[in-house]
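Produce the entire structure from the sequences given, and follow the hints as far as they go.
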Amino acid sequence: MSNHTARERILARLHASGTEQTEVPDAPLPPPLSLDRDAKIERLAELMAAIRTEVHIVDTDAWLDKLKELAREKGWKRLLYGPEVPIGSAIETAWASDTEGLPELVAYTGPVETFKEDLFQMDAGITSVRAGVAETGVVVLWPTPHEPRLMSLVPTVHVAVLDADTIYNSLAEMIAVERWADGMPTNALLISGPSKTADIEFTLVFGVHGPKELVLLIRK
Amino acid sequence: MGNHTRFDFEHNVTGALADDQLRKNLRKAMDILVDKRRTVFPDSEYLEQLRSAGNAIKRRALKQLPRLLEQLEVNCTKNGIQVHWAEDTAEANRIVLDIMRRHEAPAIVKGKSMVSEEMHLNRFLDEQGLEAVETDLGEFIIQLNHETPSHIIVPAIHKNKDEVAAIFHDKIPDTPYTEDVEELTAIARRVLRKRFAAAKVGLSGVNFAIAETGTLLLVENEGNGRMCTTVPEVHVAVMGLEKVIEKLSDVPPLLRLLTGSATGQVITTYVNMISSPRKSGEKDGPKEVHLVILDNGRSRMLADPEFRQTLLCIRCGTCLNHCPVYVRIGGHAYGHVYPGPIGKILTPQMEGLERAGVLATASSLCGACGEVCPVRIPIPDLIRRLRNESYDQDGSAVVEGGGYKKNLAETLVWKGWELANRSPLLNGIGTRLAGKLGKRIPRVGPLKKWTRVRTSPKVARCSLHERARNEGVNNE
Amino acid sequence: MEKRVSPDQSDQIYFFGTCLMDAAYPDAGMAAIRLLEAQGVEVTFPQDQSCCGQPAYNSGFIREARAVARKQIRVFAKPYPIIVPSGSCAGMMKHHYPDLFAGTPDEADAHRFSERVYEWSEYLATVLEVKLEDRGDPLTITWHSSCHALREMDVIRYSKALIRQLKNVTLVELERETECCGFGGTFAVKQPAISAAMVKDKVADITRTGASTVVAGDCGCLMNITGAMQHAGVAIAGKHLAEFLWERTNG
Chain A
3 MSNHTARERI
13 LARLHASGTE
23 QTEVPDAPLP
33 PPLSLDRDAK
43 IERLAELMAA
53 IRTEVHIVDT
63 DAWLDKLKEL
73 AREKGWKRLL
83 YGPEVPIGSA
93 IETAWASDTE
103 GLPELVAYTG
113 PVETFKEDLF
123 QMDAGITSVR
133 AGVAETGVVV
143 LWPTPHEPRL
153 MSLVPTVHVA
163 VLDADTIYNS
173 LAEMIAVERW
183 ADGMPTNALL
193 ISGPSKTADI
203 EFTLVFGVHG
213 PKELVLLIRK
Chain B
965 MGNHTRFDFE
975 HNVTGALADD
985 QLRKNLRKAM
995 DILVDKRRTV
1005 FPDSEYLEQL
1015 RSAGNAIKRR
1025 ALKQLPRLLE
1035 QLEVNCTKNG
1045 IQVHWAEDTA
1055 EANRIVLDIM
1065 RRHEAPAIVK
1075 GKSMVSEEMH
1085 LNRFLDEQGL
1095 EAVETDLGEF
1105 IIQLNHETPS
1115 HIIVPAIHKN
1125 KDEVAAIFHD
1135 KIPDTPYTED
1145 VEELTAIARR
1155 VLRKRFAAAK
1165 VGLSGVNFAI
1175 AETGTLLLVE
1185 NEGNGRMCTT
1195 VPEVHVAVMG
1205 LEKVIEKLSD
1215 VPPLLRLLTG
1225 SATGQVITTY
1235 VNMISSPRKS
1245 GEKDGPKEVH
1255 LVILDNGRSR
1265 MLADPEFRQT
1275 LLCIRCGTCL
1285 NHCPVYVRIG
1295 GHAYGHVYPG
1305 PIGKILTPQM
1315 EGLERAGVLA
1325 TASSLCGACG
1335 EVCPVRIPIP
1345 DLIRRLRNES
1355 YDQDGSAVVE
1365 GGGYKKNLAE
1375 TLVWKGWELA
1385 NRSPLLNGIG
1395 TRLAGKLGKR
1405 IPRVGPLKKW
1415 TRVRTSPKVA
1425 RCSLHERARN
1435 EGVNNE
Chain C
47 MEKRVSPDQS
57 DQIYFFGTCL
67 MDAAYPDAGM
77 AAIRLLEAQG
87 VEVTFPQDQS
97 CCGQPAYNSG
107 FIREARAVAR
117 KQIRVFAKPY
127 PIIVPSGSCA
137 GMMKHHYPDL
147 FAGTPDEADA
157 HRFSERVYEW
167 SEYLATVLEV
177 KLEDRGDPLT
187 ITWHSSCHAL
197 REMDVIRYSK
207 ALIRQLKNVT
217 LVELERETEC
227 CGFGGTFAVK
237 QPAISAAMVK
247 DKVADITRTG
257 ASTVVAGDCG
267 CLMNITGAMQ
277 HAGVAIAGKH
287 LAEFLWERTN
297 G
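If you're matching them up, the sequences are chains A, B and C in order.
Adding 2 to a residue's 1-based position in the first sequence gives its number in our numbering.
Adding 964 to a residue's 1-based position in the second sequence gives its number in our numbering.
Adding 46 to a residue's 1-based position in the third sequence gives its number in our numbering.
None of these hints come from the bench; they were simulated from the model.
Since we're looking at a predicted model, the values are computed, not measured.
Among the clues, some could well be false.
[Unchecked claim] Have a look at the derived ranges for each label pair, beta carbon to beta carbon: (1) 68/A x 1066/B: 37 to 43 Å; (2) 1375/B x 178/A: 55 to 61 Å; (3) 122/A x 1147/B: 49 to 55 Å; (4) 68/A x 1154/B: 27 to 33 Å; (5) 213/C x 978/B: 29 to 35 Å; (6) 1435/B x 203/C: 28 to 34 Å; (7) 92/A x 1008/B: 43 to 49 Å; (8) 1134/B x 206/A: 24 to 30 Å; (9) 1138/B x 77/A: 47 to 53 Å; (10) 280/C x 1054/B: 22 to 28 Å; (11) 218/C x 68/A: 41 to 47 Å; (12) 1065/B x 67/A: 39 to 45 Å; (13) 979/B x 88/C: 53 to 59 Å; (14) 41/A x 179/C: 50 to 56 Å.
[As the list claims (entries may be wrong)] No more than 25 Å apart at the CA atoms, straight line, and that leaves these computed lysine to aspartate or glutamate pairs for DMTMM-like: (15) 1422/B x 73/C; (16) 1412/B x 247/C; (17) 988/B x 223/C; (18) 1027/B x 25/A; (19) 214/A x 115/A; (20) 124/C x 1430/B; (21) 70/A x 94/A; (22) 1000/B x 221/C; (23) 76/A x 1146/B; (24) 1000/B x 215/A; (25) 1211/B x 22/A; (26) 246/C x 1210/B; (27) 214/A x 75/A; (28) 1125/B x 1146/B; (29) 79/A x 1147/B; (30) 79/A x 1146/B; (31) 214/A x 1147/B; (32) 1042/B x 38/A; (33) 206/C x 161/C; (34) 1135/B x 203/A; (35) 79/A x 25/A; (36) 1000/B x 44/A; (37) 1379/B x 73/C; (38) 1370/B x 145/C; (39) 206/C x 1335/B; (40) 70/A x 86/A.
Backbone N, C-alpha and C fix where the C-beta goes; we use that ideal spot for every residue, glycine too.
Below is the structure:
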């Protein structure tokens, strides 16, 4: 685009390379993982916990109590949330009756440019999660205007809320069943744990750039 | 590095081998990485099947490379990503520079990208009075110390924490000396968060570019990659043209191979898939996303059916971790961006044999790299091929500088070797002569090098040929 | 261990002595032949044999390698199995000859030749199913795996299985058994400093085992390791597997 001649020269060389005439034999993939619901929950929780995700499996109607308990225990001052998604309105309702020791709720409502500085000071951010993958132990996020990308990255703690029924066996299964190839979002994310590094002598340190903690609430 | 100073491999090797601390650091690190990979792939049958699948997926991508790149361009463009093509690194650098100038960005925050190293982007921007800020912790450390990465995946692998402590103390204002890794990491977090928040342009590499959907996939553990691709107004992704793959369903096996081979992880902390700039109504993310597709010699590699396999590489670095040469000399000794076994085959093809052909001699052909490569690149075979090209006996060399080592002396030695080994008579005379001379064989040339740390080989007075004949073993 | 059958079902086999064994380790070569003969097979050692061609093949001198390899293909003309007391030479003849002759008139011959190649311990353990009786005194040894025996021929398990038949021998494995000793043919003289660092570490590993002997299946590695041990004044003996087994069972 910016340089038509480079593009055409490169493509001409690639076409002339003879690569298109090669034969490539098929190679089957290893057999896919197939687990029942409980085994999927267990595997996801185990793998994510192994890399320092704080996993809580809770009854669907008790998740807000758990959230409050964690918020008080960890002493968050401010919690970033998206008011227009189901978990957001539920949090608002839960906070309305009882605010003792709970963090102030901060809604992510404007463009990042309007509150970047504030965002970088946030204690915690809570987001819904689209799905989970048991095989590799990840949660899957497709950030939306209501729950933007930086909510799961910039606050010191990221709280992710996953419904147990949305856990797939594998990434391959999820991509196929959800027909990802039909249209990808601006950003799709797989997250397996808190931000980490081992760049200095392989000493594992959490929270190098992103969240220092990842709290996963699995609603069952 | 590379272009500025003459590359003297022997000098580099001597220096590296004399550095006990370096060798200790490397050995410790490689042991950990090798062990972690073994742990994450406990089932060898599964792994071998996965490697074959990875090889087939990448070969299928290379087979369709021109079509896939065009499809990638179409889909990215449709998604709002601006696609640029660069024939060489100078062109790629200019594209990045233009974007920065257009946005009046004095600095760029960088996620880890080997292609940007290949471009020597940091030096280029510095010459333009602009700043490149490395944000991967390892890259950050070595940038502070004015070094380049010594490993594809773990760039500061050659440094221990004491050395990092000293670098931070010396180079970051108001930083007390600490060897506590948690504290060192916290210092980097504090410094870099300010840079992320302030940056107008962020740069990243690309692990896989998916043609089917126009998606750029990046893996990382730290979150700096997500910062660079989400916080600034503009995101520039740079990729070698071999990074394109056909479809999303190719991702899971490749991802498993990449993270398992690179760091022994089932998956990285983040897998970040980017398909467009910020859409209307979205509250964050860059407003512009640019993709720079770099050739820099890759299309030439594609033209040779054997060398083409170099482009299967997914840059996991596991060949470095398993290499008995790399573990002793470290990445800097290779004098170029890509060290280790993959560097031995990639660098001479990019830079030409005259400048980098010596790297092909730095292998015992032990085969450890080929054994672990997640996409089954036959690295030892390609090293051997580069040695053939260095002498170019039949005038068919395709790599620049082919035949650069042709010389009469070596040719005569090997011709003599051939004659001796084709003629039983000459062969017998040679062995007998060596046996008679025994320790009186003059220690010159190869024998001089051999005997620096070893005694001379003891040639028997009576060869196996003679023994077999004399002791009644059938002949014919 | 799976039983394999010799390709032509006869008791005739060829022995390829390798150039290094020929010049520097003839005792090991004779031991290898005698151990085969002791199993009731008839060994032929063609006097016109020489080298597998690997030194030139790995050094960029492909024409010379091909000429020497062609000579071996001609010399070992009968359909007997070809037994090679080196994983490296066996790997060259089994896995690289087909590539070396691809597209040449000798391609088909090279394939037929390669199919008949066996590494020596592999043949003893899998085809001949040898039973060894240890007659030696108690001894602690260590084992060095050659890279090509390990990775190209995948025969280390057979070599070790033979050693483990010896009831008075204790095998202490190296900490880094799968790491190259630094020989690599011409590598040792083209990159002498790196090679020296590699063999130095290998000797240190061997020393740490407390073994009095290091046994190996490849003369190249053996020459490298014993040469370095002697130079450094390390009093550990180095022996080819064939010689070691012959001594233990006939001593």
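query: Which numbered conditions among the earlier hints are violated in the structure presented, ordered from lowest to highest?
result: Going through the list in order, the structure violates hints 1, 3, 5, 9, 10, 11, 12, 26, 32, 35, 37 and respects the others.
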